[in-house]
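Given the coordinates of chain A, work out where chain B should sit on it, guided by the hints.
Take a look at the letters that make up each chain.
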Amino acid sequence: MNAEDQPLFLLGPQPEYATLKTVLKSLNLRQPAALITCGWETEENEDAELVNALREVGAKSINLGLFTRTEQLFANDPELIQVLQARQDEIRHMREVYKDRLHHLLKAARQILRRKDPLVDFSAEQESAIDMIRQLDRQYDARLGQLVDDYENRLNTPQRHFVVAHRREIADILQGVGALIISGGHVAIILNRLKIFGVLEYLPQVPIIAWSGGSMALASQIVFFHDSLPQGPGNPEVLRAGMGLFHDLLPLPAADARLKLQDRIRVQLFARRFQDFQCAVMNEQTILERRGESWHSWNAAGSLKLGLDGRLHNLEGASS
Amino acid sequence: MIPSFISAELNPNASNAEVERFIQGRSFPHVDGPDVTFAYHGQAEHVAVRHWIYGLPAHLPMERFGETNFWYHVVEFPESSRIEYKLGVTHHGHEEWIFDPLNPQIAYDPFGGNSVVYGSDYQVPDWSFQMPPGRQGRVEKLAIDSQVFGDRRFVQVYIPASFRTYRRYRLLIVHDGEDYLKYSQLNHVLDNLIARSEIPPLIVAMSNPHDRLIEYANCPRHARHIVEELIPELESCFPLIKAASGRCIMGASFGGVASLATAWRYPETFESLLVQSGSFAFTDIGEHSRSPVFDPVVEFMNEFRRNPGQPFKKAYISCGVYESLIYENRSLAPFMRSLGVKTKFEESYDGHNWENWRDRLRNGLSWLFPGPLWETYL
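Chains A and B supply the protein sequences, listed in that same order.
For the first sequence, the working numbering gives the first residue as 22, with consecutive numbering after it.
For the second sequence, the working numbering gives the first residue as 1208, with consecutive numbering after it.
No incorrect hints appear here.
Once the Cα atoms are required to be at most 25 Å apart in a straight line, the calculated DSS-like pairs of lysine-lysine come out as: (1) B:K1549 to A:K120; (2) A:K128 to B:K1521; (3) A:K128 to B:K1551; (4) B:K1449 to B:K1520; (5) B:K1520 to A:K120; (6) A:K120 to B:K1449; (7) B:K1348 to B:K1449; (8) B:K1549 to B:K1521; (9) B:K1549 to B:K1449; (10) B:K1389 to B:K1293; (11) B:K1521 to B:K1449; (12) B:K1521 to A:K120; (13) B:K1520 to B:K1549; (14) B:K1521 to B:K1551; (15) A:K128 to B:K1549; (16) B:K1520 to A:K128; (17) A:K281 to B:K1551; (18) A:K81 to A:K42; (19) A:K137 to A:K281; (20) A:K120 to B:K1551; (21) A:K281 to A:K128.
Between beta-carbon pairs, the in silico distance windows are: (22) A:R131 to B:D1418: 51 to 57 Å; (23) B:S1452 to A:Q180: 29 to 35 Å; (24) B:R1345 to A:R131: 40 to 46 Å.
I should point out that these hints are in silico values taken from the structure, not numbers from a laboratory.
Every residue gets a Cβ at the ideal spot worked out from N, C-alpha and C, and that includes glycine.
Just chain B, same shape as in the assembly:
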């Protein structure tokens, strides 16, 4: 079915110049309620929308409109969706994945980035924007000579704008800290939520792995490094609450596994856990079908499900419904509740990406760390 805004206003024999005029003044992808029309203008043998939405074919072929070089494809999405994608353009039998030339919106990530389209009900949260200078916390670099790893590790530490040495602060440890800063604007989110009194001023330690897929897949050395090296170092540098009640550990994807595994290996060290799209693959019977990097994860998750203990009191879990991990994350929430862990689970119409994780930070952090908004009446 050709969208009416195309069939009504573009001639199937339109020249390139006429197509250009048609495109000008319109934004693409064209969003009309739940209907999202992806478009491309140019010579090609084949054009497709390439995306990471679990449940849809990964390759959505675009149709050429009449005899023109205008290509389109319509997909129906829930209106609060946020969709990352690229266009696969084929010339001479070779497909190249490109940013959508008609869409200036790009979501960056450690692999480069993707074009992104927002559903009609989606809004970039205003609490993720940069605050004026006086309201910004600062991020300091802390070096730790790790006995556990036998190397030097760097941690970025977020210190809130209102920091005072006589106060006591809660500690949030973040896996993949640099990526959270770069792609989820974690420092801006913290500045905003603190300024709005939605969370209390926190000290946030953003750790970074050297060999992520090894260290974050239930590596005992990683857990030891966090608990026996990083936390004592932070406690010597900052006025922290030196008890589980003052600590939370957090991460996304494999960082979620690292968070859960660290808390599990060191029970009563953390009061709470914040995990986003955790790679919590497990098996009930037989082998898993994911890549071999998941072998230690599956082994850990199976062990955790057999012997969970009581590693923490509160957990916030989020996952996008467009991710293959939604099943595992949905399963984890009732399991946590059955252990007596106060658990909040949230889904979003989004995928496995940093902006999805950014967008859930307000609900997660304010639930785990309720701020003084309750006590503040301006």
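The following block holds chain A by itself, in its conformation from the complex:
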């Protein structure tokens, strides 16, 4: 089965695991769920609250321990960490240049979007300014993809001795699970671990439930955003392609807290820049279930998206 056809549930943040429990209750799992909490990094194993929440709805679980496994890999395979760090350095340089360029383009676009004159129509200039940002995003994404591929060709991660052993173990575990649950956390770490261990390659046809950073890692496009950082608002930036389980949706976890949703220019610019996607506000109520080609929202409060007009709208095709 293609991972793109896998039963899939995307959730917002889980302070009390409320929507996770709702989904699990409905699934009535007979087999344990595989957990991925590597996004919590060194706190990966501090999953007692999550495990208890699963128990409350009668679900057993087994943590795949992807962060811990990677630490073992790095200890046993020094070349792997060296090459990955070299890759990280190159990405950092490339990203710095991307961010510099992005800063100027976004500033220009915001200025043009804020410009008002009843006698002049600036819509062509606005579209052109936004399109330049899209072009930059595409260039960066392509350059980064090439760089990651080049390193991957050098590393051949799936065939590395210690990786093979871990992959075999994970494949064995996955054969007996009833669902895969991916927590939030550090998105790049979740994405890297999913790729290193080929988790989705070995996953049988069981539901995937992912929230926050976990849901971002499964998308075809990953975009970082935060308007309320202590050092000031950040410019939304493309990370790189995710696992590609879906192509039409850009999950924006906790967007109600992280984005200035009342700032129509910022919202409009975000939505128009990523117009190929529905920019979904993933709040604590959000449960989006993929059904065929469309998304089904389990409740109206959790099915909002950024609109091209700078306002919030209901997700298209999301019945509830």
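Relative to chain A, chain B alone:
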């Protein structure tokens, strides 16, 4: 003008016992919007509020209320202020500076401490409180036999809770490290900001001087010690990014001068600088009017302003508006920007003290070292 809460509820002929009853159940200094009423109860010839707020008379005499032994003085402050002070109580012609007996809040510093009052909008930052044990980094002591100074130096090194030998870390070098730990709770601040993903896990080396006013006033030996002895030693002990892009140097007051002078003497060694209330005295013409310990500082700052070079890429500068150094620090920010240094300058309604420096650490560190919060979605 007598504050209404006093005139309405205290009789000008009140007995000591009645004054005591009036005081009980109230907190002093009494803060009401911008008005801060300092108070003292006791026999004295004279009572004054003693403080270090540049711009106000250093001696604010308190008035006695009627025939009582209750003394008060009202000052209007911006509401986000934090004010350190003592009370000067005069008996038999001799003034003694004491902590405010009616105020349990004390800010400690290397000279002992002061009473402190918070404006109605001020809050002690929650990111400066101690984290639970599992989230705390550890502080190790490192000894360095210094060829430069011909003695043994001790450095405290903060190692984050999530430390892993295979990772690479940025290095922050802190002047007056022990004081930053003791009076600004630097380790707690680091634990919190790292746990909140607002800064990445860092290795922080806290150096301590033997003769502060000499070593920190643009002393070439100090700069050599930091760059040629301390950094190589740290790089041999910890997995650090061995490049300017991974290094920041920081300090307050004279430690700010030491930070700037070290970065200036060794360009391309540090990517960034964090200075708080730097003692950056300079002259445009003529002599300076500060104490003689500033002579080498003024000489250095004048030279730096003539020949700045490009010692680093980013700078965070903070200063309290109640300090005499505010003028020099305000001047430094545009000067840095003119050199092409990305500069963030912040002022606070506070003075030249360790809690002011603590309170600015979040903005400074997260600006110089943006953390993985950007990439983390819980």
